[in-house]
Amino acid sequence: MKLENMRLRIRLDDIKTLLSELQNPSSSVNTRQGTRLKLERRRRLIQEKAVVQQSLDRIIYPILTVPVEITSEIFLQCLPDAPTEPRAYSAPFLLSQICSVWRQIALNNPRLWAALHVHLDSRLDFQNLIQNLLPRAGSVPFTLGLTLNPEHCYFFGPRTCCCPSSAPFVDYWSRLTSFDGRYFTLQECLDLLSHTPNLITAKFSYLVGSLSSTCTIQLDSLKALSFHMCATSPFSAPLLQSISAPCLESFSIDCLSGRVTDDSPFLSFLRTSPRIHTFSLTLEHISQDATLAILKATPTLEVFKLYFCSAALVFAILTLLGGGGESASGT
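Counting along the sequence shown from 1, when you hit position 33 you're at 33 in my numbering, and nothing is skipped either side.
FYI, nobody ran anything at the bench for these hints, they're computed from the structure. Predicted model, so just to flag it, every value in this text is computed and none were measured. Do not take every clue at face value.
[As the list claims (entries may be wrong)] Simulated crosslink set (DSS-like; lysine-lysine; CA at most 30 Å straight-line):
| no. | residue 1 | residue 2 |
| --- | --- | --- |
| 1 | K305 | K223 |
| 2 | K223 | K203 |
| 3 | K49 | K16 |
Use the sequences and the hints to build the structure in full.
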């Protein structure tokens, strides 16, 4: 290995010397060769230099001898657990800065670029970020986290709307399979769902406002859905009435200021989602009759989480379940 290393270094030095002589007009090499021959020889020397350098790198850095397929899988294990903002010191950007070989592997693996979280109130150049990063994901399923400027929500006071256009995402909505959004209005939430028919998981946090118009949105691939309302925003029944998710398995609603006296919106939604096995409900006020009706409408339910409920309601639920508390939890 040492002899091979030495041989490659000597050859690399020779090539550098020859290239330097070709660039020197007064060199004896230049005086003996025509322009075309010099250009051709220079091209071949540059190619050989690249090959020799690669061979030398493999000796110095044995990790480069690992097959590309294995390196790509290792890179995937370096990704954050959840979509994050692009940062130079985290994967996949950090991996692409190590060397030219790793950079090429990273850029050629679309799965490395299939998750992104964008804070629209950050100092990042939003337009360039989208134009440069989204194409790298190719045609693989895409996970997007989108946090709007908090000033966008009136929950934080009378401020100016700062929500930019969603036009840069238009070509990618149909490919989106996972979405995590924050500081959306209910209407924006509904509009986004109407453009993402292939969503599998969707989470909306700090929702505010009311719905100016509703329409029935069919989400046949959706399996997990979560709504978290702002503290001052009431529960919006029209939101549930606008969604049909027949394959939904996990459903969560967090609305501390919500009151449920009419269980029909819940029941209507649950009847169109017969596969729900996990249901989490956070409401300050919910009647016993409404809760029991919800339970009866979900025969496949395995996990039921009910927060801020009374002891009497917990007892009624356990009674309905035949005295078994393994499938229900109350806080």
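Mind checking the alpha carbons of K49 and K16 for me, to see if they're no more than 30 Å apart? 8 Å, holds
Would the pair K305 and K223 pass a check requiring their Cα atoms to be no farther apart than 30 Å? It holds: about 18 Å lies between the C-alpha atoms, which stays within 30 Å.
Are the Cα atoms of K223 and K203 separated by 30 Å or less? Holds: K223 and K203 sit about 11 Å apart, inside 30 Å.
The structure meets every hint from the earlier list without exception.
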